[in-house]
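Sequence order for the protein chains is A and B. Using my numbering, the first residue of the first sequence is number 1, and each one after it goes up by one. Using my numbering, the first residue of the second sequence is number 1, and each one after it goes up by one.
Take the hints with a grain of salt, since some may be wrong.
Within a straight-line C-alpha distance of at most 30 angstroms, the following computed DSS-like cross-link-like pairs (lysine-lysine) qualify [to be verified]:
#1 A:Lys2 <-> B:Lys25
#2 B:Lys45 <-> A:Lys163
#3 B:Lys188 <-> A:Lys2
#4 B:Lys50 <-> A:Lys163
#5 B:Lys71 <-> B:Lys234
#6 B:Lys234 <-> A:Lys163
#7 B:Lys25 <-> B:Lys234
No lab work stands behind these hints, which were simulated from the structure alone.
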Amino acid sequence: MKISSKQRIILITLILLLVVFVFLSVGNGALYISPAQVFSIMLHKTGVNGITAFDEGQYNVFWVIRFPRVLLGLLIGAALALSGAALQGLFRNPLADPGLIGISAGASLSAVLMIVFLSTLSTTPYFQYVEGLIGYYTLNIATFIGSCITSLIVFRLSRSNGKTIVTNMLLAGIAINALCGALTGLITYYATDAELRNITFWSLGSLGGASWNTVLTILPFVFTPIVLLPRLSKSLNTLSLGEREASYLGISVDRLKIQIIVLATLAVGSAVAVAGIIGFVGLVVPHVLRMMGGFNQRYILIGSSLAGALLLTGSDLLARILVAPAELPIGIITALIGTPVFIWILIKHKKESQFI
Amino acid sequence: MLQATNITYTIGSKVLLNHVSLHAKAGELLVIAGPNGAGKSTLLKLLSEKTNLDMGCVTINEKDIMHYTPKELAKIRAVLPQSFSANLPFQVEEVIMMGRYPHFDEYPNETDVHIVKEIIAALEIEHLRDRVYATLSGGEQQRVQLGRVLAQIRTEKEDVSETKYFFLDEPVSSLDLYHQQIVLQTAKYLTQEGYCVIAVLHDLNLISQYADNVLLMYQGHVEAYGSAAHVFTKERIKNVYGLDVHLIEDPVSGQLFIVPDTTLFNSKTNQIITNKPYDNNSSIPVNRTLESI
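Bound-form chain A, shown alone (with noise of 0.2 angstroms):
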């Protein structure tokens, strides 16, 4: 399906908002940088000088704290929304989110299980030995281990006769994410004060951990769905018509199903390890392109990586902004942005949503 001339405008405009808003987010908060300034600095870095001045404390903030934290916004913003609308288009239900098959789920609990146990695992020699290696990384770490466990159960429990059924996943999907649930709230039962506010805004998620290990880490693990989920668009469509009319149309319907399991939980897993519980973007972007552009999932997978990118962009900047020089959690603002945008779009397109 070819994307259409009014979904071609809506994804151009998605990429020049983008890029006004890496240019102001790199240069808003505690330190102001000018847009020419921030030119100068990535010029600089190539070797050419003297365009706009900039003093020393400027490119350091630039290099070492906003352009990492701005790159790692964008890739975890990508991977949330374009997860999402794959796994809209695979289960073919609008509810459909990356929490849905317990990726989240599992990494609260791995989260909640490392804030609470490092003071007393860290004593353990085996464990130094571990934290040697990855060191700052393990919380990050563990949560990846633990999202990409519980959705492979998940994935398993929903296996028959060698076929992933769709219902079976939603059904397993809430059940682990009801163990998860409850074994995260006894584990915070037993959590200290200072634990407990740790878990607080872990839960809100956050993307203050930036550095550039943390974009470098994570970058394959989100690159990669962003270049091969869009290629599965045809089969995606395909799928719209139902699962046996998509096989008897050549789609290897399983295969399909793996791929975008194994993909979605790699790009979710690694946004969340590093930045924590950020909900509603998987939720929400895609339905907002859906409604402005149509269902052409070609169309709704890029454009979900473009927006998902430039809403955590948008919102990790009044994150940054509004309480200077202090921050707020990153998931409470793409809550309070992304609900008013949703029901002002779900108002004005009633009639095309019911097609949903």
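For this one, chain A is given, so just place chain B on it according to the hints.
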């Protein structure tokens, strides 16, 4: 040629198909008939998609169906399902283009566009081309779906090397008299073009009007196989459907008509109602329940 040899298929301990054999060649319209639960749709499914059989095999163009890739299969056979999604958010032209998906990678080429245009014209749905599928009426949706599956196996140049197959599962069950004829005329036209059409049909009169061959199924096995005149005898219909019929030959066309014996039929219905087989545990008479529905 499509050939099924001795296929037996069970689910759990229930034997759905028992030693079924058939063959259908290019230019033939084969109809699978039989009462509800006889195994017609199961048979159509086994002929059109890869399934692990308990016994026997299905070959399409002299090659075992299990040796085809899904994509190869998609290029030589299309299936019109009994029921389909009613709320596709795509335009009619896009839905029909989906039928061409096995033939191109990213974007359709000229042939694909041309074939879709041709089919839209042939099915007289030009006025629906830009409408959203979900807003169409049931009959219009059925025609669009027919267009989609036609697009799947249509070739621009007449390709005689490989026979293409068209499977229809009760294609006229929800259509009016005129559109029933349109669908079956289309099927007949395809056979004249060298396609092989295999359809499940219930209406014995439509079957005797259109079918080249009839495979009459009963309780999972083949009860009779051959021309409509050969298969539909009074005794056999009584045996399979449990119904007395008159056979009448139309003096104009020479076509065989099968008319249920209504006098006997009425007494039978009365018997069913007085026996209340659907309503064993309730004291409300069935005919009153039916009225309240």
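Tested hints:
1. Between the alpha carbons of Lys2 (chain A) and Lys25 (chain B) the distance comes to roughly 37 angstroms, so the proposed pair goes past 30 angstroms and is violated.
2. The suggested pairing of Lys45 (chain B) with Lys163 (chain A) holds, with an alpha-carbon distance near 17 angstroms, which does not exceed 30 angstroms.
3. For the hint linking Lys188 (chain B) to Lys2 (chain A), the alpha-carbon distance of about 34 angstroms lies beyond 30 angstroms, and the restraint is violated.
4. Taking the CA atoms of Lys50 (chain B) and Lys163 (chain A), the gap is about 14 angstroms. The hint holds against a cut of 30 angstroms.
5. The suggested pairing of Lys71 (chain B) with Lys234 (chain B) is violated, with an alpha-carbon distance near 44 angstroms, which exceeds 30 angstroms.
6. Among the hinted pairs, Lys234 (chain B) with Lys163 (chain A) is inconsistent with the structure: their alpha-carbon atoms are about 45 angstroms apart, more than 30 angstroms.
7. At roughly 28 angstroms between alpha-carbon atoms, Lys25 (chain B) and Lys234 (chain B) fall within 30 angstroms of each other, so this suggested pair holds.
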